[in-house]
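**Student:** Sequence order for the protein chains is R and B.
For the first sequence, our numbering gives the first residue as 932, with consecutive numbering after it.
For the second sequence, our numbering gives the first residue as 31, with consecutive numbering after it.
Misleading hints may appear alongside valid ones.
Claimed, not checked - A few chain B residues that face chain R, going by a derived Cβ cut-off under 8 Å, partial list only:
{"no.": "1", "residue": "K74"}
{"no.": "2", "residue": "A77"}
{"no.": "3", "residue": "S90"}
{"no.": "4", "residue": "P91"}
{"no.": "5", "residue": "S97"}
{"no.": "6", "residue": "L98"}
{"no.": "7", "residue": "T101"}
{"no.": "8", "residue": "F108"}
{"no.": "9", "residue": "V114"}
{"no.": "10", "residue": "N116"}
{"no.": "11", "residue": "R118"}
{"no.": "12", "residue": "L119"}
{"no.": "13", "residue": "N136"}
{"no.": "14", "residue": "H137"}
{"no.": "15", "residue": "L282"}
Said to hold, decoys possible - For each label pair, taking beta carbons as the anchor points, the in silico distance ranges come out as:
{"no.": "16", "chain 1": "B", "residue 1": "M209", "chain 2": "R", "residue 2": "R1191", "range": "54 to 62 Å"}
{"no.": "17", "chain 1": "B", "residue 1": "D188", "chain 2": "R", "residue 2": "R1161", "range": "35 to 43 Å"}
{"no.": "18", "chain 1": "R", "residue 1": "E1138", "chain 2": "B", "residue 2": "M244", "range": "55 to 63 Å"}
{"no.": "19", "chain 1": "R", "residue 1": "D989", "chain 2": "B", "residue 2": "M209", "range": "30 to 38 Å"}
{"no.": "20", "chain 1": "B", "residue 1": "R73", "chain 2": "R", "residue 2": "Y1136", "range": "23 to 31 Å"}
{"no.": "21", "chain 1": "R", "residue 1": "A1044", "chain 2": "B", "residue 2": "I71", "range": "42 to 50 Å"}
Since the hints were derived computationally from the structure, they do not count as laboratory data.
These numbers come from a predicted model, not from an experiment.
For glycine and all other residues, C-beta sits at the position ideal for the given N, C-alpha and C.
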Amino acid sequence: MISPGEYFVEGDLAAAYGAIKAGCLFFAGYPITPASEITQAMAELLPRVGGKFLQMEDEIASISAIIGASWAGLKSMTATSGPGFSLMQENIGYAAMTETPIVIIDVQRAGPAIGQASRPAQGDIMQSRFGSHGDYETIVLSPNSVQEMFDLTIKAFNLAETYRVPVIVLSDAEVGHMMERLIVPENVEIVNRRIAKSLQETTIYDESLVSPMGRFGDGLELMITGSTHRPDGTRDTGTPEVQESLVKRLVNKIEKNRERIENWEEMYTDDADILVISHGASSRPSKGAVIRARKEGIKAGFLRPKVLWPSPEKRMKELESNVKKVILPEMSLRGYKMEVERIFRGKLLHMPKVGGVVPTVEEILKKIREASL
Amino acid sequence: MITSRYIKENYVRRLPSAFCPGCGDGQILNAIIRAIDHLKIDRKDVAAVSGIGCSAWIPSPYLRVDSLHTTHGRPIAFATGLKVANPRLKVIVVSGDGDATGIGGNHLLHAARSNVGITVIMVNNGLYAMTGGQVAPTTPHEAKTTTTPYGNPAFSLDVSRVVAAAGASYVARWTTWHMNQLIRSIEKAIMKKGFSFIEVLSQCPTYEGRMLNMDHIQMLEWFKNKFREDADGIYKIGEFVDIEKPELTEELEKMIERVKK
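Construct the entire structure; sequences and hints are all you get.
**Tutor:** Quick look at the structure:
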């Protein structure tokens, strides 16, 4: 299944290939543009590897079902876009609270509300981190090519299994629907969760603040709840220390491991005066513009977070003292702006483009030239 | 003979419970335990799923099996994923009337339609009790609740009939007065291949009783006198559906075998 070799496929299909390669055995979803192709591909591929596919009655049911399936021990995923992603927020918090590994692919489209259903946008970045109520952390990945739809979906499963968190692959309609070469390698690194053999084991956290996960049907008498609970699952909503230690650990297991999770691509940053930061679809013309600017003798550099949350905070802080200006081309009025502005402050020239279209190399190059004057 | 000590030692995580004095939830916990015990199913093969509300606490924390205490209205959707992922499990959802038919009504309909082999025990006390006695989809017309202080202007849902129409394999309605029938019914529901649904009218002395000016004994007597197999509408109890038809997880397994060839 998904044999090694070269393919020419669209991004959504590559994500489905990645999921199958990662060992996903359960998918529940609901049709939505521009993510339906992932759902359709999973419907076709999963039975062939002995996996289960369900089309549910809505997106709330879809994320509920994949959390249930994850507790039965299966790697589980759903795929959606803005409106469906909004509906899933409560249970993303539930997955974080119960430390359930799941993967959610959000193929972003232009919002708010129904917006432009088939046009790309990057407006879900803050939602992907803060969309559910209360304090929690997720991991959010940002593919910018068909290859990365494959690679980062696999990585999403590995991270979900390692840290027992919901992991979001934040794609967009451009990357999801584009067709490019995909190379499926011979060997793919796959991480499987540590399965607890006793209830006691589920209460012992390693240095990453993660404990082995129980599995329904193994006789552990698991008590899983979205209410505040002690390490053994016992609900305890009245003791301040229980809430404090639980929520701090949920946040710290990402914070403490962030240097292992952070991932980015960079180019020409050593001597850059002007740093272009971009992610997802808009990072493609951004990189092209930086290469063109260099040819014109402008000292431009390029930074692309492949993991948006946790952000490459330390690297950005290192670069902050050397660069004079930072340009952030993205398909949203807000997008990643707050995170970049937090570090580069007055040096940031935000370059939002809304309308459901990707900024062009020319547009970004023009901005770089202006910044270099 | 099942003694209370036997039940506590084998099936209950801890007591005393947090239920109000006179609440029907303890009786329903008792009925579920007796059904599992009669069937001699290994506890590790049973999974309980619940949402939010008083009745969600029947399995979590009290029933000593793997339990998933989920978000409000969604236990049936979580249970569907769990069952499909591991068909060996006997998955029992315990849900209130607000949880199952208000916020979660969509999931109930579709679980019945797809005939997924889980059991839903819906505890119906006619209002939202945990949040303070507000009107529910099951509250009778003109009944007073904390959010219908002048009487309910809307009308109630006959849930069992809706679930039967949606395609469930087994549907029954009992009250907490009809304990023996309820236990036998839960046994049948657990062993039923397809989607099984049991509605249990249960007393909430704290909110429902206050509004009706009845204590829990009077409410049980009301169940005894008013709810009969030959009664009409919501007062009709008994088995409404008991059929065999293809079940979702089995159909999926068959499809996988076909496709893998």
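**Student:** Now tell me if each hint is right for this structure.
**Tutor:** For each hint, the structure was consulted:
A least Cβ separation of about 3 Å between K74/B and chain R falls short of the 8 Å threshold, and the interface hint therefore holds. The closest approach between the C-beta of A77/B and any C-beta of chain R is roughly 5 Å, which is under the 8 Å cut-off, so the hint is satisfied. For S90/B, the interface hint holds, the least distance from its beta-carbon to any beta-carbon of chain R being 6 Å, beneath 8 Å. Proximity of P91/B to chain R holds as hinted, the smallest CB-CB distance being about 6 Å (cut-off 8 Å).
The interface hint given for S97/B is met, as the beta carbon of that residue sits about 5 Å from the closest beta carbon of chain R, less than 8 Å. Nearest Cβ of chain R to the Cβ of L98/B: about 5 Å, under the 8 Å cut. The hint holds. Because the beta carbon of T101/B sits about 5 Å from the nearest beta carbon in chain R, less than 8 Å, this interface hint is met. Taking 8 Å as the C-beta contact cut-off toward chain R, the hint placing F108/B at the interface holds, the least distance being around 4 Å.
For V114/B, the interface hint holds, since its Cβ comes within 8 Å of a Cβ in chain R; the closest pair sits about 5 Å apart. Using the Cβ-Cβ criterion of 8 Å, the hint placing N116/B at the interface with chain R is satisfied: the shortest such distance is roughly 4 Å. Hint on R118/B holds. Least Cβ distance to chain R is approximately 6 Å, under the 8 Å limit. Annotation: L119/B was flagged as interfacial toward chain R, and the flag holds, the nearest CB pair being 5 Å apart, inside 8 Å.
For the restraint placing N136/B at the interface with chain R, the shortest Cβ-Cβ distance is roughly 5 Å, inside the 8 Å limit, so the hint holds. Hint on H137/B holds. Least Cβ distance to chain R is approximately 6 Å, under the 8 Å limit. Against a cut-off of 8 Å between C-beta atoms, the interface hint on L282/B holds, since the closest Cβ of chain R lies about 6 Å away. Range check, M209/B to R1191/R: Cβ separation about 56 Å, and the 54 to 62 Å hint holds.
One distance hint, 35 to 43 Å for the beta-carbon pair D188/B and R1161/R, holds here, with the actual separation near 41 Å. Range check, E1138/R to M244/B: Cβ separation about 58 Å, and the 55 to 63 Å hint holds. For D989/R and M209/B, the hinted distance range of 30 to 38 Å is satisfied, since their beta carbons lie about 37 Å from each other. Take R73/B and Y1136/R: their Cβ atoms lie about 27 Å apart, and the range 23 to 31 Å holds.
At about 48 Å, the beta-carbon gap between A1044/R and I71/B stays in the expected band of 42 to 50 Å.
Violated hints: none; the structure is consistent with every hint.
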